[in-house]
Amino acid sequence: MLGEGIIKGMVETARNFVGSYSDPERLTTVEYPEDKIPAKENARNFPFLVYDGDDAARGLRCVACQICEKECPPKCIYIVKSKDKKPDYIGKPQFYPAVFDIDVSVCMSCQICVEVCPFEAIKMDTEFELSNPDRFGGLLQDKHRLAKSNEYYHKIHETEAAEVDARLAAEKAKAEAKARADAEAKAAAAAKAATAAATPKPAPNPTTVAPAK
Amino acid sequence: MQAAFAIIAALTLVSAIAAMSLRNLVHCALCLAVAFAGLAAMYLQLDAQFVGFAQVLVYIGAVAILVVFAILLTRSGQPVPHSVVSRSWIAGVAIAVLVFCVLTRVILSSSVSQRSLPAKPSPTVREIGNQLMTWYVLPLQVIGLLLTAATIGAVIIAMNERKSAGGDHRVTADQGHGHGHLAAPTGLNEGNATSIASETGSESPAHYPQPEREREVLAK
Amino acid sequence: MIIGEFFRGLFLMIWRVATDQPEAKADLLAVFPPSARPVISAVLTVSPIIGIFATLFALTTLLERKGLGRIQNRLGPNRVGPFGILQPVADGLKMLTKEDIIPRSADALVHFLAPVVLAVPTILAFAVLPYGRNLVPVDMDAGILFFFAVGASTELAIFMAGWSSRNKYSLLGAMRAIAQMISYEIPLIISSVSVIMIAGSLSPVEIIAQQGRYLAGGFVPHWFVLTPWGLAGFIMFLIASLAESNRSPFDIPEAESELIAGHLTEYSGFKYALFFMAEYFGMFAVSGLAVTLFLGGWHAPFEFLEIVPSYVWFFAKLMGLVCLFIWVRGTVPRLRVDQLLNFAWKFMLPLSLLNLVVAAVWHFTAAWEFPGAGLGRWLLGAVMIGVPYVWLGRALSGSKKITQRTYRFAD
Amino acid sequence: MFMETAIDTPESKYEILPKTLSNGEMDGELLEVAMGPQHPSTHGVFRMDVVLDGEKVVKLKPVFGYLHRNHEKIAENTTYLASMPYTDRLDYLCSMTNNWAYALSVEKLAGLQPPERAEYIRIITGELTRLVNHTCLVGFLLQDMGALGTPLMYAFREREMILDLFESLSGSRMMCNYMRFGGCRVDLPAGWLEQAKRAVDSYSGFLDEFEKLLTENEILVARTQGIGVLPPDLAVNASITGPMLRASGVNYDIRKVDKYGIYDRFEFRVPLGDHGDVYDRYMIRLLEMRESVKILNQALRDIPAGPIVDPKAKLRGFRPKVGEAYGRIEGPKGELGFYLISDGTPNPYRYRVRPPSLINLTVLEDMCLGQDVADVVIILGSVDIVLGEVDR
Amino acid sequence: MVMETLEQIKARIENAISGAKPEIIPNESPSAQRSLLLDPAHAVEVAKFLRDDSQLRLDYCSNVTGVDWLDLIIKEKVKVKKVVEGVEKEVEEPVERKRPGYLEAVYHLYSMALKHGPLIIRLRTENRADKNHVPSLTPVWRGAEFQEREIYDLYGIIFDGHPDLRRILMWEGFADHPMRKDYVEPDDYEYEPTPHDEVLEKTKQHHSPEPKP
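Protein chains in written order, with numbering that gives the first Met the number 0: chain A, 0 to 212; chain B, 0 to 219; chain C, 0 to 410; chain D, 0 to 391; chain E, 0 to 212.
Pulled out of the complex, with its shape left as it was, chain A reads as follows (with noise of 0.2 Å):
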């Protein structure tokens, strides 16, 4: 009958209007700058520099490699290298970027920066309100902007961060089983040189002082 329809549409939207009132499942609004939805754990948005310790100008993992200028997509991201050599994480001299800028205005939040970056040093932020009335100036973050601690990552991403940590410390590890290797080889054949110029006997054998290496 004409008329059925249209009747069958108006108590459903009857009920969506009851609905609403006492039902959360159909009201999903949230109030956006009261209330705000948590951040999911995977969540990206706009990418920072991690940094070791407490100092972000000297705990900055990054060392200036530019792959992540090459790979990113909008190519929003400008890297100086530095002239000299800063020790890394490791302990390693490393370059560090003297000038590191990301676009906000350019940046399309795809994370693949981070995922080329080989020294886990560029990591996804899920802060998003990154507005700025200066259109230029105050959309260009620098590295001192960039920067955030390890320790926000971990608060950010816990699980991500814990796998990296994890790795980060494997890898340090082994660079300190190496070096202590190393120092010990080394210690040894100095040990043994000492022994050997104690002894009045031979001449020390160079092949025995070559490091391990």
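No wet-lab data here; the hints were simulated from the structure. Do not take every clue at face value.
Restricting the straight-line Cα-Cα distance to at most 30 Å, the calculated cross-link-like pairs of lysine-lysine (DSSO-like) are [stated by the list, open to error]:
(1) A:K7 / C:K65
(2) D:K320 / E:K20
(3) A:K74 / D:K320
(4) D:K313 / A:K80
(5) D:K55 / C:K345
(6) D:K255 / E:K47
(7) D:K72 / A:K69
(8) A:K7 / D:K293
(9) D:K313 / A:K91
(10) D:K72 / E:K180
(11) E:K180 / D:K313
(12) A:K173 / D:K313
(13) D:K320 / E:K9
(14) D:K293 / E:K114
(15) A:K171 / D:K311
(16) A:K39 / D:K293
(17) A:K69 / D:K311
(18) D:K258 / E:K114
(19) D:K211 / A:K7
(20) A:K85 / A:K74
(21) E:K130 / D:K72
(22) D:K211 / C:K345
(23) D:K211 / C:K65
(24) D:K196 / A:K35
(25) E:K114 / D:K255
(26) A:K91 / A:K173
(27) D:K313 / A:K69
(28) E:K97 / D:K72
(29) A:K74 / D:K313
(30) E:K74 / D:K320
(31) D:K320 / E:K180
Simulated restraints, written as ranges between beta carbons of each label pair [said to hold, decoys possible]:
(32) A:A165 / D:K320: 34 to 42 Å
(33) A:A165 / E:R98: 49 to 57 Å
(34) C:V45 / A:V29: 46 to 54 Å
(35) E:R165 / A:R166: 54 to 62 Å
For each residue, glycine too, the CB sits at the ideal point set by N, CA and C.
Model the placement of chains B, C, D and E on the given structure of chain A, informed by the hints.
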């Protein structure tokens, strides 16, 4: 009262003249509507409520609308390029003056103008209805019949025109499109995978694979 | 003291209005010299109407947005003021402060006049509605006719708006609007003619008076909507008034998905606000007329509730109808213009004419005396209108080859 | 030969209309209206130059390019991987399937094979995307029909649940950038499968509600049945794909034909319409959603554990051998294909998107001729276009 | 259903259409999608054969695209006799041999009726400048209409017999063909200056009153 009458009369006259003399047809039609409204106001001033409202309802609500509609459907609504005053305007004025004189003469000489009006003629709607259904029933029926016949005639004329116009349009659309088969969408409505297969498969056994015919009634 | 008298009169007026007493303005008018009284009286009548309906307009826009929001599982406006109550104020301020843009090629005079010509008749229509027992602005003998007469002149305004904008969407919208309003005016008037016929009067006051009785111990009101022809007429009147006030599903003239905003496309600022207001005023007026004609006007639904002031009932019924309009708007898609006209001419018009016959039968069977006569009359009327409804409904949908569809599935 | 009669005389089809009509005035006969690029229901910056006789359409020419950004050129100037996030922005409602189509083509080009778990994840996300797309489409279609947002808001309410799933999986709601050559980027987070099951379960309820709300509605039926009829032979010849093709009754679903991924392991049916009008296109999408729910239920039940990326796949320094490949999937809108030519460098020599939205518009004029303006809007709505993909 | 091999198809085309010389273009990549190069003179005939042949029935033209092959310069060293400082000598001189570039239209054909494919056919223009005509296959497959327009727009191949060959994505009056490999993007288009932008630099040069040396 006199002042009100003067204002209304002036308004009616001015808009009537404007309706004749403006160049833009839509403006003319709108002025005509204003003249109708002035006429209605005059009826109301004479305490003839029913006639006044009927005037508004019929003339502004229907006639004026039909006029503008007709203008829109037939003309561009652009100002006419040539002068609105026709060449034989002298004859027109002469005829108008003549008619005016005759009418004036008739009215002044008729018994209506001599009779003194009753103090307040206030016919109620009920009275009008009663009069229409008793004393004036024959004229009412005759007018009704006439209008019905006119309506039916108009519909028939319009239908014929539409048929031919619609046919033309169809042809142009098809010509413009070059897809002969699109002209008959009803035939193709039934065409499904099977029918193309039969159409195209005449020379080859290959066809669009016929899916299993599982029918589900989903909606009416 | 004259000021004391004035305030006493004012107080008395308010008191009398609030308690449904007649001659509310008498004492206040007595303060003024006789020559000024007609003007003062008119002001005293008109200003509350405009004030009340303007407030109602503001509230309805909010109600509509809130209600639609809830229907759509949203919250609706809730930022301005508590629960968003001040949203209409903010909207109004925004409208008034916006730039008034007139397109360069528009017909400036007609473009300016259109909203005025639209707003005046819609406000005039409020003059003949009885809002309460003794609250009739103008008790006119031909009140209903007056209502339709002023209602008819709004079409011209919409045409003016659409034509003068020199916008193709506006023009299309205006042409649709005229076609639609002319078509639906006929069923609107004819469905109210059945009431006029039964009541034997064109006066709204008289029509309401005839619905003032109660049956079954005061629990069944003698409203026309409770008769078969009244129910059918009421439904048709509602549908036609949806179309007359350009509300969904008949919002074709301003169909935003096709014609941007139809005749309103080129309007902004205050003029747009006037159009908007006139649209809502039109909806109120036509709902008020529906209440008057079919829902017993200001009468209470049960006799013992007559102690509640009458205007409360009137506005309660009015708002009920407005809520229904909103509900419909939140549910249905829009018709196409030819379907809309088909519906008017092939369905509404025959049914409303038939409804006149049903009303006549009802009138002549009033003399039936045998037991169960009342029920018999009712059933007779219901069948007389119900069967053609079903049949016409089939014919209307059948003519479009609307069929039950099945779907094939391939594996 | 039916196709010759249909196609071989196309010259007469494109007669040039006199330009004098364009000054905005009715010429008594024809009215030329530019619908768009700023128009509420062209789904973006799309324009149709429509010539009307009264309200009847006598000519319609789509105009594209307002959103053109030369996506293909950008992709040819950057590495294979860096194009992946750009594919998100093609059809921005269905980033997962866009990723999938691109990854599939590159895998063909480089000979990579995603592991089983990754294939399952792809099917799950792909079908969820189909749900998102079809839900949005029916919502928008009814919005175009003037249903004032109610169906659209219901559709968006459901879509939200799936977008939440995408966010917790890929980090972003719409621009997922999730798939990689030879697998997926990250594994499913804990509890994701359960959440997905809940969302999929509630979807049937939503579809029931939606059908109750509108499918039987007289106005909807009257507005859509017999409108915008697309005959099957024209559909095939004009390369129409996806739900639009199947609504015309042609059984062609690439999931069944190519059996890409692991679609041959799932049981589902392909709904086909018999009339090819707007109503069929609407119903086919609702029915396809029910089939997608079936696939999802099977996939969520069977998904195995394991690695998610082909160990051969290289993230940095990816250089496929010289050659070319065309890979295609059944996207929610139709056949989405990527054609790649490699010259052995890190950047593709040629990168081409086969956009279903654009090609499905080929027959827009054929469907609209003789219909009303109001129908043009819903016919366009039933084609299902996203301008990001049409203009690229 | 499995399609015939490319060699079989080639043989049948040669049988069916006299004068048509399809050529198989190999593809070394793992996809192994080889293609048929058609000569423009017989392309429409061959296309109709492919569409209508009962064993092929390639009724669905899925994808049409253009490819720009630049002039390839093959450098060789040739011994030439030359008079150097009055003495005739044999000198090795680098000679550049030019393989003229061409534009190519690639069609991917499938069969909806028989559910097989793809068959890839290619059409080549004689050169990239003036002889850039190939026959349009839109009369055979209407689905190629917009895609051929797009190729015309972006690559500048002129399709003879196309019913409506206009620009589709770029605007009317745009002069160049932006997908060509040698297209130089204008440096004066509306840009969003970011502090590290190359475009900004170019624009500055372009618009500076005195061009820098």
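Violating hint indices (sorted, rising): Hint check: nothing fails, all pass.
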